[in-house]
Amino acid sequence: DFLRDLFSRTLGIGTPDKVLDELTLEGVSKFMLSEKCKNVVFMVGAGISTSAGIPDFRSPGSGLYSNLQKYNLPYPEAIFEIGFFKENPEPFFALARELYPGQFKPTICHYFMRLMKEKGLFLRCYTQNIDTLERVAGLSSDDLVEAHGTFHTSHCVGTFCREEYPLSWMKEKIFSDLIPKCEKCNNLVKPGKDEVKAQQ
Numbered sequence: 747d748f749l750r751d752l753f754s755r756t757l758g759i760g761t762p763d764k765v766l767d768e769l770t771l772e773g774v775s776k777f778m779l780s781e782k783c784k785n786v787v788f789m790v791g792a793g794i795s796t797s798a799g800i801p802d803f804r805s806p807g808s809g810l811y812s813n814l815q816k817y818n819l820p821y822p823e824a825i826f827e828i829g830f831f832k833e834n835p836e837p838f839f840a841l842a843r844e845l846y847p848g849q850f851k852p853t854i855c856h857y858f859m860r861l862m863k864e865k866g867l868f869l870r871c872y873t874q875n876i877d878t879l880e881r882v883a884g885l886s887s888d889d890l891v892e893a894h895g896t897f898h899t900s901h902c903v904g905t906f907c908r909e910e911y912p913l914s915w916m917k918e919k920i921f922s923d924l925i926p927k928c929e930k931c932n933n934l935v936k937p938g939k940d941e942v943k944a945q946q
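When the count follows the numbering used here, it moves up by one through the sequence shown with no breaks and lands on 946 for the last residue.
To be clear, the hints were calculated from the coordinates, so they are not data collected in a lab. Hints are not guaranteed to be accurate.
[Stated by the list, open to error] Computed list of lysine-lysine pairs in DSS-like fashion (alpha-carbon distance at most 27 Å, straight line): (1) Lys764 / Lys865; (2) Lys917 / Lys930; (3) Lys851 / Lys764; (4) Lys832 / Lys917.
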């Protein structure tokens, strides 16, 4: 309370209303059951999927970045950069086979978001994950802002084509050990957000 009052006075915004009676799980539960709880926004990342068996990026020894040496990358993040992908797509698709959606099940956190939606308390989920577990748990495209894209849709990386492909098409290519190529223009096809649309 001291810090809340200090910041409120310093910033000149007055004393904010206290939302939680106590900073405990019980306090959060009481708030969720009250009439005040609505339009809940979730901001999630790798942590909600690690208990499903999906590795995070930075954990020493078990994170994705620790295990990318076999792909001979100039630096770990290169595997997700569009320029590197266009030059050398094989490492990305090898990793995609290991992490492909459908091999993992949603966690209690994913289902909790669906429960919040069913109760009319959910507004949106902003996710950094590309694993589609939010969708598998029952959230729709309208419920999600997928910051890094998703395996749910794939796009041709050709500048003028941008053809979109569904999850089933990409899955067939990845598990056939084929580098996915656009059926219209023969450019590479990449899961995730359409890079051109994302820049507009």
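Results of checking the hints against the structure:
1. With a C-alpha separation of about 23 Å, the suggested pairing of lysine 764 with lysine 865 holds against the 27 Å cut-off.
2. Among the hinted pairs, lysine 917 with lysine 930 is consistent with the structure: their alpha-carbon atoms are about 18 Å apart, no more than 27 Å.
3. Pair hint lysine 851 plus lysine 764 does not hold up; C-alpha atoms about 37 Å apart against a cutoff of 27 Å.
4. Distance restraint check for lysine 832 and lysine 917: the Cα-Cα separation of roughly 19 Å lies within the 27 Å cut-off, and the hinted pair is therefore satisfied.
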